[in-house]
Every structure is written in C-alpha cells, then in structure tokens.
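Using the sequences provided together with the hints, build the complete structure.
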Amino acid sequence: MAERLCSLPWGDDGAVAPRGVQLEFRGVTCSYDGPPVLQDITLRIAPGQLVGLVGPSGSGKTTFLKAALGLVKPVAGMVLIDGQPVGRCRALLGYVPQVETVDWSFPVTVEEVVLMGRAMALGPWPWTSRRARTEARVLLARLGLAGLERRHIRELSGGQQQRVFLARALFRQPRLLLLDEPTSGVDIRTRHEILHLLAELQAQGTTIVLSTHELNAVATHLPYLVCLNRTVIAHGPPSVVFRDEVLSRLYNAPLRVVREGDVAVVIDHPWPTTPAAAVQESPSRRSS
Amino acid sequence: MPNLVEPFGYEFFTRGLLAAVLAGGLCGLVGVYVVLRHMSYIGHGLSHSIFGGAVLGYVLHLNFYLAASVWGVLSALLINETVRRRRIGADAAIGIVTTASFALGVAIISHARQFTTNFEAALFGNVLGVAREDLLVVAATAVGCGMAVFCAYKPLLFATFDPEVAEVHGVPTAWMDTLLALVLAATIVASMQVLGVTLIAAALVIPAVIARQLTHSFGRMMLLSTAIGALCGAAGIYLSYFFDVASGATVVLVAAGLFVLSGLYADLRRARRRIAQLAGPRGAPAPLD
Chain A
1 MAERLCSLPW
11 GDDGAVAPRG
21 VQLEFRGVTC
31 SYDGPPVLQD
41 ITLRIAPGQL
51 VGLVGPSGSG
61 KTTFLKAALG
71 LVKPVAGMVL
81 IDGQPVGRCR
91 ALLGYVPQVE
101 TVDWSFPVTV
111 EEVVLMGRAM
121 ALGPWPWTSR
131 RARTEARVLL
141 ARLGLAGLER
151 RHIRELSGGQ
161 QQRVFLARAL
171 FRQPRLLLLD
181 EPTSGVDIRT
191 RHEILHLLAE
201 LQAQGTTIVL
211 STHELNAVAT
221 HLPYLVCLNR
231 TVIAHGPPSV
241 VFRDEVLSRL
251 YNAPLRVVRE
261 GDVAVVIDHP
271 WPTTPAAAVQ
281 ESPSRRSS
Chain B
1001 MPNLVEPFGY
1011 EFFTRGLLAA
1021 VLAGGLCGLV
1031 GVYVVLRHMS
1041 YIGHGLSHSI
1051 FGGAVLGYVL
1061 HLNFYLAASV
1071 WGVLSALLIN
1081 ETVRRRRIGA
1091 DAAIGIVTTA
1101 SFALGVAIIS
1111 HARQFTTNFE
1121 AALFGNVLGV
1131 AREDLLVVAA
1141 TAVGCGMAVF
1151 CAYKPLLFAT
1161 FDPEVAEVHG
1171 VPTAWMDTLL
1181 ALVLAATIVA
1191 SMQVLGVTLI
1201 AAALVIPAVI
1211 ARQLTHSFGR
1221 MMLLSTAIGA
1231 LCGAAGIYLS
1241 YFFDVASGAT
1251 VVLVAAGLFV
1261 LSGLYADLRR
1271 ARRRIAQLAG
1281 PRGAPAPLD
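Protein chains in written order, with the numbering used here: chain A, 1 to 288; chain B, 1001 to 1289.
Worth double-checking, as some hints may not be accurate.
What the hints assert, rightly or not - Covered stretches of chain B (chain A as the covering partner; in silico rule of three or more C-beta atoms under 8 angstroms from a C-beta of chain A):
1. 1145 to 1158
2. 1205 to 1218
To be verified - Some, not all, of what chain B presents toward chain A, calculated at C-beta under 7 angstroms:
3. I1108
4. H1111
5. F1161
6. V1168
7. G1170
8. L1223
Just so you know, the hints here were simulated from the structure itself, not pulled from any lab data.
Where is the CB? At the ideal position from N, CA and C, for every residue including glycine.
Right, dumping it as structure tokens:
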C-alpha cells in the first residue's frame, strides 16, 4: 500500500515536476488584537526542503502557516516567497488545513473537493472539462483513492479524508506545500503513508512545511525541524534539536531525550520526581 | 366535488401560480447557500428588515420595489459586514438591526391604519395581490440571480465550503460574500408579494434541507432544491386557492410536509443500507454518520 501511495503524483508521464520555492520570514510578528502570537521570526526555508514545525498547543504553529499563506497579515516584518511578497505568489501555494476544521456534513463528493484545487483556472461555471476530470482521477488513483470519486467526503476513513485534501492542494501543482497537522487523528499505517508521500514530493523538488505536535511519531522522522513557541527556540535536524534543554524550554516542562542508535525518543515526566514534592508545593494542602 | 381546473381559468391565478413557481424556485436555489453557510437567521432577519423599508417607501410615495431593494441592499451589506467582523456577536447585531427595521414598519402601519390590509399581503403573502408588474419583477430577479449563481458557481462553492483555503486559491471570498448577500436581498424583495416576509425564511430553508437529505453532491443539491422550491410554490398556490388561505402559509406548509416525507425516506434508505451491509461484506463501507 505504501509503495502505491509513494508513486509520483506527477512526473512519471513525462511532465516536469514543479521546482520548489524559498520561504522566508523576515522579522515577522503576528498578533490577534492581543499579545503577539509570533514574535520577531526570522527564518529561511530553502527550496525543496521538508520542514516540521513543532511546539506546544497555542505556540503559533497554525499562525506561522497562515502568515506563510498570506491569510494572517504580520503587524511587523514580511513574509517572502522567492523574494516576492506572499500576496503576489499565492498561485504557487498549496494548503492542507487541519481536518478538524472541515465541515464534514457539507454536500461535496471527493471529485468536487479535488476540482476545487483549480476552481479559478477551470472557469467559474458549473461544468468542468473532461481533461481536468481525468487529471483529477489520475491524481486520486495515485494517492490510493481510485474509485472513490463519487463518494461523499464523510464516507471515507480518516486517512482517505486526509489524502483527499492533500489531493486538492496537489491538483494545483504547488511549489510550496503547507500542511497543518496532517497526521492528527490517523492510524500508524496512514501516518507512514502520508510521511512517505511527503518525502516523495520533496524528492521531486516541492518545498514542504508541516506542523505537528507528535514528537516521536512524526517529528523525529523529518529531516529538519523548527521549534516554535512564539519565537523560534531552535532549528535544525532532529539530531540537533532533540536535546533535553531545547525541548524542556520549548514545552516549559521537563522532557528527556533517550537515544537508541539513530533514533531519539522523547520522554516526558507527568509527575514530579517525588509525590511528596507536589504536596509541599500547595500551601492549601499543607494547611489541611 | 370542486372543479380542479377551475382556477386556471382566472388570469390572476395563472399569474400568481407562475410568480409562485419562480419565487419558490429562486428561494430553493438561493436557500442552498443560506443553509450551507448557516445563514438561516440572516435570511429571516433580512426579510423582516426589508418590510420596514417597504413601508417607509409607501409613506414617502416611492416605488415599492425600489424602496424595498434599497433598504434590502443596505441591510444585507450591513449584516454582511457585521458577520465578517464577528466581534459584536453577529446574531445579536442581526437581531437588533433587522427587528428594529421591522418594528419601524409596524409602527408606521399602526399609526396610519388605512393601509393595514395592503401590507397583510407583504407579511403573509397573497396570490390575489400579484400584478403583472410583480410577475415581471420575480421573473427578472430569478433570471438575474440564476445567472449570478451560474457564472460564479465554482468560486461560490469553494468560498462556501472552505473560505480560508478558497482565499489561498485566489477566490475573491469577500466579493463572493457580497454577491450572495445581494442575491439574497433581491430574492426576498422579489418573493415578498407571493410568500410574505414572515414566511420567506422557511421557503429559503426547507427545500434546501430536503434536497440535502436526498443527495451528497452539491451540484445535485442545487438542482433538487430549485425544483422542490418551484414544486412547493405551485402546490402551495393551488391549495391556497381552494382553502382560501394566505399563499405564503400554504407554500410553507407544503414544504414542511415534503420535509417530513423526505426525512422518513432518508431514514428508510439508511436502514436499508445498514441491513444490506449486515447481510454481506460486499459493496461500499458504512457511511460514518
């Protein structure tokens, strides 16, 4: 199954895969009428890189992606794609939102969702050319979704749903693909399939940025990580950023990294070292 | 035994029937977006708001449609802007703007009692009140709104399903929202005479909800909802003639009856599918509902 999913979404029929673009944050600060969610982010993601954004809930991962998409305007700094302001480069972007944000009761079939990927290019009227529909079917087949074109999106498994939205983004042939928690709520096999597929896209030259909160299951398998908690705490390959002090600072909680050969496993400590210490920390409990 | 073809001999009836079919179909078409965008309350509020504008226009001796349209467009844009900003609870803001506007209409009517009967039609719908001019307005609005929805089908679908990603894909979502608000205002103004402001919200919502129960495809839902709206319009006017009741009420009651039937049909279909799945592993996996 994994081999089938890893087959090229484009390229093996002679088409040239699109080259990835560079994403650059230059002193970017973002806020929603309150304290900054992202503060003074300066970062450059080279063309063709596969980067994971890690950090706790509320650390600004989604805001980072939305700033890269031009959906959130920075209050300071600028986001550049190949040196151009993001607003001028939207045609190069593909976005896969969190599946939790999708309205699953909306009446759309798998094919209708994928065709949305080129909604503006295919003409605004109700019908779609046979050629575009064939292309959508080929893409779906390459993502392991053949025969599901007429199914409602709710009738699919979690992994299939995730891939439908990936297909919508890929149907546009993006040069920068941004994914918000693409592996949340899917089983281990689907997670592997999605990661293999992203690695394959990266090998073809697409720049990919994905957010994840799964350190052991996802982040450790990615070639490059950005640790984000309002500011960039650290960045580099997992072997560099997976260190006790970096992760403890990132999560504001004691975390330990255990290494077994090339694999790093993060272990958290949900309880203080001694139960007595927890009791002593609470004055009310002490008095009672 | 009443003569079932008798009403077709009257010009006012055929005119009213045609207007109801067009208004019902138009409400069915626009209602798809109203339901899927969770705008039912806006539809309800906007229809009440327009009533205030229509009454004010009457007092100022302005053309009914002109006054209602200007008021409707202003209300729609105001509501749209309120919803986009989201800071002041949108539902509360809509409630205030539209109910205040409706109250203005009621206040003017109660002060100058002589035109109460005329406005009963605007409140509850009256097939007898459909003049040649009204029919032309409904027809023109139906063609105009139909064209607008047709020519912006894909961007409207994307902006309705997933506005944020639609924006990334270059869909002018703010323009789509404005277009829909204008289409909704025009639909309500044009349907007021046949359906009545107090009942338009149901004519907008019910056909779309019935269609949703019958299909999973957006395109098919649009066609079905339009057809169901037109059918309810026709059946409602026909029954309104025989039972001598307000046309808006019969149109909505027919729609509500169809809704009950479609709900039963959807339940039956779901049960049959479950039984088929339990009987054998072949075929499609179970839907996750």
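Hints, verified against the model:
1. 1145 to 1158: holds (count 8)
2. 1205 to 1218: Answer holds; 5 residues pass the 8 angstroms Cβ test.
3. I1108: For I1108 of chain B, the interface hint is violated, since the closest Cβ of chain A sits about 41 angstroms away, which is over 7 angstroms.
4. H1111: violated, 44 angstroms
5. F1161: holds, 5 angstroms
6. V1168: At about 5 angstroms, which falls below the 7 angstroms cut-off, the nearest Cβ of chain A leaves the hint on V1168 of chain B intact, so it holds.
7. G1170: holds, 5 angstroms
8. L1223: violated, 10 angstroms
Of the hints listed earlier, those the structure fails to meet are numbers 3, 4 and 8, in rising order.
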